[in-house]
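Protein chains: 2
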Amino acid sequence: MIVKRYPENPLVKPSYVKPSLENYEVICAFNAGVIECGDEILMLMRVAERPVNHKTDLVLVPIIDFTEGSAKQKILSFSSTAEGINLDDPRIVEFPGKVYLTSISHLRIARSKDGVHFSVDDTPALSPDQEYEAYGIEDPRITKIDDTYYVVYKGVAPTGITQCLASTTDFVHWQKHGVILAPENMDGLLFPSKVRGKYAMIHRPYPKFIGTPNMWMAYSDDIIHWGEHKFMLACAEGTWEGGRLGGGAVPFLTDRGWVEIYHAATPGDRYCLGALLLDKDYPEKVLAKSPAPILQPEAPYEVHGFKDNVVFTCGAIVRGDTLTIYYGAADESMCAADFSLHEILDSLVPI
Amino acid sequence: MIVKRYPENPLVKPSYVKPSLENYEVICAFNAGVIECGDEILMLMRVAERPVNHKTDLVLVPIIDFTEGSAKQKILSFSSTAEGINLDDPRIVEFPGKVYLTSISHLRIARSKDGVHFSVDDTPALSPDQEYEAYGIEDPRITKIDDTYYVVYKGVAPTGITQCLASTTDFVHWQKHGVILAPENMDGLLFPSKVRGKYAMIHRPYPKFIGTPNMWMAYSDDIIHWGEHKFMLACAEGTWEGGRLGGGAVPFLTDRGWVEIYHAATPGDRYCLGALLLDKDYPEKVLAKSPAPILQPEAPYEVHGFKDNVVFTCGAIVRGDTLTIYYGAADESMCAADFSLHEILDSLVPI
Chain A
2 MIVKRYPENP LVKPSYVKPS LENYEVICAF NAGVIECGDE ILMLMRVAER
52 PVNHKTDLVL VPIIDFTEGS AKQKILSFSS TAEGINLDDP RIVEFPGKVY
102 LTSISHLRIA RSKDGVHFSV DDTPALSPDQ EYEAYGIEDP RITKIDDTYY
152 VVYKGVAPTG ITQCLASTTD FVHWQKHGVI LAPENMDGLL FPSKVRGKYA
202 MIHRPYPKFI GTPNMWMAYS DDIIHWGEHK FMLACAEGTW EGGRLGGGAV
252 PFLTDRGWVE IYHAATPGDR YCLGALLLDK DYPEKVLAKS PAPILQPEAP
302 YEVHGFKDNV VFTCGAIVRG DTLTIYYGAA DESMCAADFS LHEILDSLVP
352 I
Chain B
2 MIVKRYPENP LVKPSYVKPS LENYEVICAF NAGVIECGDE ILMLMRVAER
52 PVNHKTDLVL VPIIDFTEGS AKQKILSFSS TAEGINLDDP RIVEFPGKVY
102 LTSISHLRIA RSKDGVHFSV DDTPALSPDQ EYEAYGIEDP RITKIDDTYY
152 VVYKGVAPTG ITQCLASTTD FVHWQKHGVI LAPENMDGLL FPSKVRGKYA
202 MIHRPYPKFI GTPNMWMAYS DDIIHWGEHK FMLACAEGTW EGGRLGGGAV
252 PFLTDRGWVE IYHAATPGDR YCLGALLLDK DYPEKVLAKS PAPILQPEAP
302 YEVHGFKDNV VFTCGAIVRG DTLTIYYGAA DESMCAADFS LHEILDSLVP
352 I
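As they're listed, the protein sequences go chains A and B. Just so we're aligned, residue 2 is where the first sequence starts under our numbering, counting upward by one. Just so we're aligned, residue 2 is where the second sequence starts under our numbering, counting upward by one.
Accuracy of the hints is not assured; some may be wrong.
It does not matter which identical chain is used: a pair holds within one copy or between any two.
To be verified - SDA-like cross-link-like pairs, simulated, lysine to any residue; straight-line CA separation at most 20 Å:
no., residue 1, residue 2
1, Lys308, Ser341
2, Lys286, Asp66
3, Lys114, Tyr7
4, Lys286, Glu69
5, Lys286, Phe67
6, Lys177, Arg271
7, Lys195, Ile225
8, Lys5, Asp270
9, Lys99, Ala235
10, Lys209, Asp270
11, Lys199, Ile224
12, Lys231, Phe67
13, Lys5, Asp347
14, Lys177, Asp147
Since the hints were made in silico from the structure, they are not lab data. Since the structure is predicted, the reported quantities are computational estimates derived from the model, not experimental observations.
Can you make the complete structure from the sequences, with help from the hints?
Shown next as structure tokens:
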């Protein structure tokens with residue numbers, strides 16, 4: 002598999018992004034939904050920011066607080082040696098039975114004429130302001146259906162991690178449609194056209210007791226209400242997808258079926274990308290899949306960052322035989338790489 | 002709170018129920034959905050059965066197998082001293098990263114003219130025969146809407162625990178409508194009438210990382226596709242509902258709002274019942290709740306059984322001021338108790 006990482010990588014670093022709040026710093030700009038819009042390529046990035054903290058003995062947790070009625074930015078503060086505190090994962094502050102995030106994310110647009118050089122908007126496109134978003138909004142996937150751009154994203158809150166929906170026709174005016182999939186669910190992405198007369202979505206619930214974090218398909222008549230959930234693909238113990246897997250880029254249709262670029266991770270959290278070929282009419286049927294990752298953390302900006310050894314995609318662009326996968330690298334920056342679509346398709350193994 | 006347990010309790014014991022399969026034994030008949038139908042009260046019980054096992058060094062796991070195309074009963078066999086095996090919970094066989102059930106459940110009707118003396122059908126009403134039901138079907142709640150009885154039940158499979166829907170007009174001919182809520186979800190129950198023009202359902206997702214197992218509300222236009230998920234009620238640490246909670250009986254409307262009889266458990270799995278008063282138009286708003294259990298395991302058949310210290314309801318009948326709660330006792334038998342509805346309502350504390 003020939004992987005043409007862009008020499009300009011990372012295309013966007015956290016330092017290119019202005020914080021949205023005073024006395025905050027941007028620590029990650031990553032996991033962008035990507036779409037062609039007019040003569041531009043837009044990345045709707047997840048921007049994670051945190052309060053500037055000069056006290057090493059304190060851990061700060063930024064949240065949206067609703068106790069006074071309306072949404073209000075608030076910072077919780079914990080001693081870094083508090084009883085029961087676990088700071089092993091840089092993304093979270095964990096107490097027994099309780100998890101907080103060390104940063105809060107919003108969605109920000111970066112725009113480009115050539116798909117390589119991006120300029121980042123000064124202000125957020127979409128910010129957390131609902132109770133189901135109290136810990137932030139993350140990992141958007143953009144799907145254009147008719148003249149509307151639908152964004153499925155992760156809403157994180159003390160009540161759970163949900164899949165939420167927002168829509169826009171211009172990336173300026175937004176409408177939020179609430180929680181479309183209950184906790185705990187991630188990696189939701191809408192198909193760009195109806196399947197057998199219905200809207201279709203890949204999603205990735207994370208079960209507590211029975212089952213691994215598997216990919217599922219759901220169907221809808223209105224994009225708001227979802228059902229007909231079908232199991233799609235499970236983790237494979239002992240492989241590069243032994244820990245978890247989930248949808249990545251919005252799928253696109255080829256004459257062989259839908260192509261889905263997805264992510265998978267080991268139990269040790271090494272995130273790679275692979276490809277799936279899905280049945281045109283019953284996309285929960287996986288016809289073929291990558292026997293090995295098509296992209297794995299190897300470049301320095303993928304191996305080292307906010308979270309080491311992660312490549313994670315929320316969007317790709319197809320032009321002829323060139324598939325450009327935009328991806329978050331080391332949970333910190335935005336990168337891209339070109340692939341040959343027919344080379345990917347030829348590499349898939351029937352299952 | 003005056004609790005009038007029926008002197009005839011348990012109303013149905015496992016020994017009253019014929020196994021549905023040769024060389025199987027019924028170990029539990031419990032957690033029945035309940036409804037008035039003509040001049041009868043029907044209990045749609047969860048009947049758990051397992052292969053008769055004379056070998057103490059073996060653990061048997063009954064499943065539905067699909068590897069040969071169609072659904073086929075199959076028994077897995079493990080050494081009781083297998084590496085990594087955990088048999089602490091009588092309901093499950095646990096290996097690292099993998100959970101099996103020690104029994105497989107179907108749904109069986111028990112019928113009564115007086116609500117006290119029940120005769121149990123000889124054969125199942127509804128059996129597991131779909132891949133999403135490979136470990137059994139459990140905990141049904143029956144809701145009559147127009148002339149159709151809808152049953153929301155738990156489908157258990159290696160791919161996860163889902164909420165599924167079936168319907169019938171006569172409890173003889175059934176239609177399965179598939180998975181309506183993705184893993185991991187339990188305790189789904191449909192409201193008996195539309196709320197602000199939409200079907201409404203309480204459900205209880207069980208999140209892996211963030212949030213406790215909380216009650217949520219969802220809405221639908223067709224009972225098949227669900228969205229508009231709203232957080233409803235969280236566990237309360239250190240109380241009788243510190244471990245988990247979830248919907249119980251199908252709610253009924255009073256002049257003060259919807260009344261929901263629900264269950265809650267401590268982290269040590271002591272299951273009790275309480276009552277909620279829900280807003281008539283926005284039932285995700287809990288107006289008032291029980292400050293203490295209205296029913297807790299005290300009778301011998303509640304304290305000792307297949308799983309000790311459990312009372313768990315899937316259905317209740319209201320007649321005037323008398324609320325009859327039918328409930329599973331110790332995960333083994335079906336029981337009932339009468340309450341005064343106004344006494345329950347007067348006991349609720351606004352939140």
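| Can you tell me if Lys308 and Ser341 fall within 20 Å by alpha carbon in one copy, between copies, both or neither? | neither (28 Å within a copy, 58 Å between copies)
| field | Homomeric proximity label, Lys5 with Asp347: Cα distance no greater than 20 Å | value | within (18 Å within a copy, 70 Å between copies)
| said: For Lys209 and Asp270, with the copy left unspecified, which applies at a CA distance of at most 20 Å: within, between, both, or neither? | reply: Both, since 18 Å and 16 Å are each at most 20 Å.
| task | Give the relationship of Lys199 and Ile224 under a CA distance limit of 20 Å: within one copy only, between copies only, both, or neither. | result | Both ways: Lys199 and Ile224 sit 9 Å apart in one copy and 16 Å across, limit 20 Å.
| request: Check Lys99 against Ala235 for me: Cα-Cα at most 20 Å, and say if that holds within a copy, between copies, both or neither. | output: between (28 Å within a copy, 13 Å between copies)
| query | Is it within, between, both, or neither for Lys195 and Ile225, if the alpha carbons may be no more than 20 Å apart? | reply | both (14 Å within a copy, 18 Å between copies)
| request: With 20 Å as the alpha-carbon cut-off, assign the pair Lys286 and Glu69 to within, between, both or neither. | output: between (48 Å within a copy, 17 Å between copies)
| said: As a check of your reading, is Lys5 near Asp270 (CA-CA no more than 20 Å) within one copy, between copies, both or neither? | reply: Result: close neither inside a copy nor across copies, 24 Å intra and 54 Å inter.
| Quick one: Lys231 to Phe67, C-alpha cut-off 20 Å, is that within a copy, between copies, both, or neither? | between (36 Å within a copy, 15 Å between copies)
| request: Indicate which option fits the pair Lys286, Phe67 if close means a Cα-Cα distance not exceeding 20 Å: within, between, both or neither. | output: between (43 Å within a copy, 16 Å between copies)
| task | Since the copies are identical, ignore which copy is meant and state whether Lys177 and Asp147 lie within 20 Å (CA to CA) inside a copy, between copies, both or neither. | result | Intra 18 Å, inter 33 Å, cutoff 20 Å: intra-copy only.
| query | How would you label the pair Lys286, Asp66 (within, between, both, or neither) given a Cα cut-off of 20 Å? | reply | between (42 Å within a copy, 19 Å between copies)
Violated hints for the displayed structure, listed by number in ascending order: 1, 6, 8.
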